[in-house]
Amino acid sequence: MATQEQDVEKLVKKEYEHGFITEIDAETLPPGLNEEVIRHISVMKGEPEWLTEWRLEAYRLWLDMAEPDWAHIHHDPIDYQAISYYSAPRSKKDGPKSLDEVDPKLLETYEKLGIPLHEQKMLAGVAVDAVFDSVSVATTFKEKLAEAGVIFCSFSEAVHNHPELVRKYLGSVVPQGDNYFAALNSAVFTDGSFCFIPKGTRCPMELSTYFRINASNTGQFERTLIIAEEGSYVSYLEGCTAPQRDENQLHAAVVELIALDDAHIKYSTVQNWYPGDEEGRGGIYNFVTKRGDCRGRNSKICWTQIETGSAVTWKYPSCVLRGENSVGEFYSVAVTNNYQQADTGTKMIHLGKNTRSTIISKGISAGYAQNAYRGLVRVGRKAYNARNYTQCDSLLMGDRCGAHTFPYVENRNASAVLEHEATTSRIGEDQLFYCRQRGISEEDAVNMIVNGFCKQVFNELPMEFAVEAQKLLSVTLEGAVG
Amino acid sequence: MLSIKDLHVAVEGKEILKGLDLEVGAGEVHAIMGPNGSGKSTLANVLAGRDGYEVTAGGVTYQDKDLLALAPEARACEGIFLAFQYPVEIPGVNNIYLLKAAINAKRKYHGEPELDAMEFLKLVKEKTKLVSMKEDLLNRSVNEGFSGGEKKRNEIFQMAILEPKLAILDETDSGLDIDALKVVADGVNSLRAADRAIIVVTHYQRLLNYIVPDRVHVLTDGRIVKSGDRDLALQLEERGYDWVRKEAAAA
Chain H
1 MATQEQDVEK LVKKEYEHGF ITEIDAETLP PGLNEEVIRH ISVMKGEPEW
51 LTEWRLEAYR LWLDMAEPDW AHIHHDPIDY QAISYYSAPR SKKDGPKSLD
101 EVDPKLLETY EKLGIPLHEQ KMLAGVAVDA VFDSVSVATT FKEKLAEAGV
151 IFCSFSEAVH NHPELVRKYL GSVVPQGDNY FAALNSAVFT DGSFCFIPKG
201 TRCPMELSTY FRINASNTGQ FERTLIIAEE GSYVSYLEGC TAPQRDENQL
251 HAAVVELIAL DDAHIKYSTV QNWYPGDEEG RGGIYNFVTK RGDCRGRNSK
301 ICWTQIETGS AVTWKYPSCV LRGENSVGEF YSVAVTNNYQ QADTGTKMIH
351 LGKNTRSTII SKGISAGYAQ NAYRGLVRVG RKAYNARNYT QCDSLLMGDR
401 CGAHTFPYVE NRNASAVLEH EATTSRIGED QLFYCRQRGI SEEDAVNMIV
451 NGFCKQVFNE LPMEFAVEAQ KLLSVTLEGA VG
Chain L
1001 MLSIKDLHVA VEGKEILKGL DLEVGAGEVH AIMGPNGSGK STLANVLAGR
1051 DGYEVTAGGV TYQDKDLLAL APEARACEGI FLAFQYPVEI PGVNNIYLLK
1101 AAINAKRKYH GEPELDAMEF LKLVKEKTKL VSMKEDLLNR SVNEGFSGGE
1151 KKRNEIFQMA ILEPKLAILD ETDSGLDIDA LKVVADGVNS LRAADRAIIV
1201 VTHYQRLLNY IVPDRVHVLT DGRIVKSGDR DLALQLEERG YDWVRKEAAA
1251 A
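In order, the protein sequences belong to chains H and L.
When we follow the numbering used here, the leftmost residue of the first sequence carries the number 1, and every step to the right adds one.
When we follow the numbering used here, the leftmost residue of the second sequence carries the number 1001, and every step to the right adds one.
Don't read these hints as lab results, they were simulated from the structure.
Watch out, some of these pointers could steer you wrong.
Stated by the list, open to error - With a Cα cut of at most 27 Å, we get these calculated DSSO-like pairs of lysine-lysine: (1) Lys1125/L <-> Lys455/H; (2) Lys1108/L <-> Lys471/H; (3) Lys471/H <-> Lys1100/L; (4) Lys455/H <-> Lys1151/L.
Unchecked claim - The calculated label-pair distances, taken between Cβ atoms and stated as ranges, are: (5) Asp1177/L <-> Met463/H: 19 to 27 Å; (6) Asp1231/L <-> Glu442/H: 42 to 50 Å; (7) Glu442/H <-> Gly1175/L: 47 to 55 Å.
Glycine included, each C-beta is placed from N, C-alpha and C at the ideal position.
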């Protein structure tokens, strides 16, 4: 009798563990990761068999990998079995009902950034009735894009509507086993963005996740795939400038860019995930793999990033310069305050002849933060006349933070010309006093000096983004001096 | 306008000013002279409110206000301008942008509307002539890559734009050749006004040939030990500082 009961219990428990036969919660899987969970994600998303297999392959690779420990960051161990790997896009009922329910501190920040009210609601995850302007705007944009032949949709939609494109390019830049977090992402990614610019097309507008509101709630494992066919151009904006309300502790996204002959992709990011509080409690661990493949001749990929959020940032947007005469650029501002840690930089892999790359990295540390630039410039045997220019500048505010630079160079072709410049400076008492003596408040003076420091990078951002990035910096560094 | 009484100032625990008295009235130009290490720059910095200068005794009244209680930016907005001995470079910050921020901070402080771009540019154009500023310097980063003379000229240019009540020139003549010195002096002279006081801190009397002071004070060992008119400056040039020191010691 007793054993029978135990068996029943076992059975019940088992069903519960797998949770997907009975609809306990249609939208969220219980925590834990195994092949069943991955199959389930794939089934729930109605994916074709090949993709399920692709995910499983990634999972098996991941099992044999170890979390990297070479970065200049420290964090509590991540319990991968404690994470729920499928959570449908947050629906209206999960979010706060109105702005009154949102953390006033968050609202204050939105206010300072000058974010319009309906956008504030979106960012804070407030259920928004579909009556505000941006919906109609979004619709107009969709029509305009369709006219140009540009495909811009969620990753899931792309899997259903353009499976041949997804299958051809997915993992072709960042293979499943590329690194620990990319493998994890490949196994469990839930959604993301897909973008395809056909041959000879100049995308008629800057694409941004803003116009695909759903995608901003895709949770911790996003996957982005952008393909620019021959002679096309696209400028893609990722992220938003206000801190996103998000409870997920771990973010492991993958972004793949493919530029064919004469194509040009410009990818701009403003990352402002929750950085944790002043004491360093909470905050997002952001482990992102971003890579662009300049597959065609004369192609160009340009990464611009403004990183101000997250408790831990681990991110190296890179370019594989495969095509002859291809160009890779990386412009970065990484700001860390309080107890934030960033280990970020880029890799420029020169494979083709006459390939050129530029790296401009600006790191700003304040409070107790640690900010590291880590970059690799690799020139392959056949990359004749490759050129790289690297400039890494660090700015320190206060005397308890740290800035670190880890540049790596691997050169296998004697014709390469590589330049590297690096500076570290402390925000000068002298500079501050000079500004204050001219009547400018300390806070404004700090902003002015920091913005001056970042100017080269801001110049690469689309206009409106640059303005917001400046404001964002001032909010992030508020109270960092004095 | 400015009244300094028995001012004692220490830097890192070491007393630099040891009971300095000075009265400056509106419309007057005062020269503070003295040997190296006598406390001239300390005086300039204390008046402007730089950190690290500890007032241990005495006080400063400026336009009936307790100057030492004001933050540096408030002092600036109240009309105090320091032309720096070593103007700093601020990479990436446009020279003219800094000026616009400065002038508008001041206007805001006084409850006046901010200048728009057109009004501001008009003002800039007018004042560039005053110190023959090259226009390309305006759009460069603050003092970055400026020659010594250009930096000092830039200080006077800023002074012309900000129209202070009390201007303190801290060794503005150091490192200038004779032509640059004349240009700077001409700029300063054109800013002499009945409601404006100027304190010229200098090592040499050379500058005073061009900016003729109403009063000359000798600062040695943290005190003003002798005051006089511009003849005193000439005497100092001839005889050095030692006789003043001895005279002071005897008294």
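Hint by hint, here is what the structure shows:
no. : hint                               : verdict
1   : Lys1125/L <-> Lys455/H             : 26 Å, holds
2   : Lys1108/L <-> Lys471/H             : 20 Å, holds
3   : Lys471/H <-> Lys1100/L             : 19 Å, holds
4   : Lys455/H <-> Lys1151/L             : 22 Å, holds
5   : Asp1177/L <-> Met463/H: 19 to 27 Å : 44 Å, violated
6   : Asp1231/L <-> Glu442/H: 42 to 50 Å : 44 Å, holds
7   : Glu442/H <-> Gly1175/L: 47 to 55 Å : 29 Å, violated
Consistency note: the structure conflicts with the earlier hints numbered 5 and 7.
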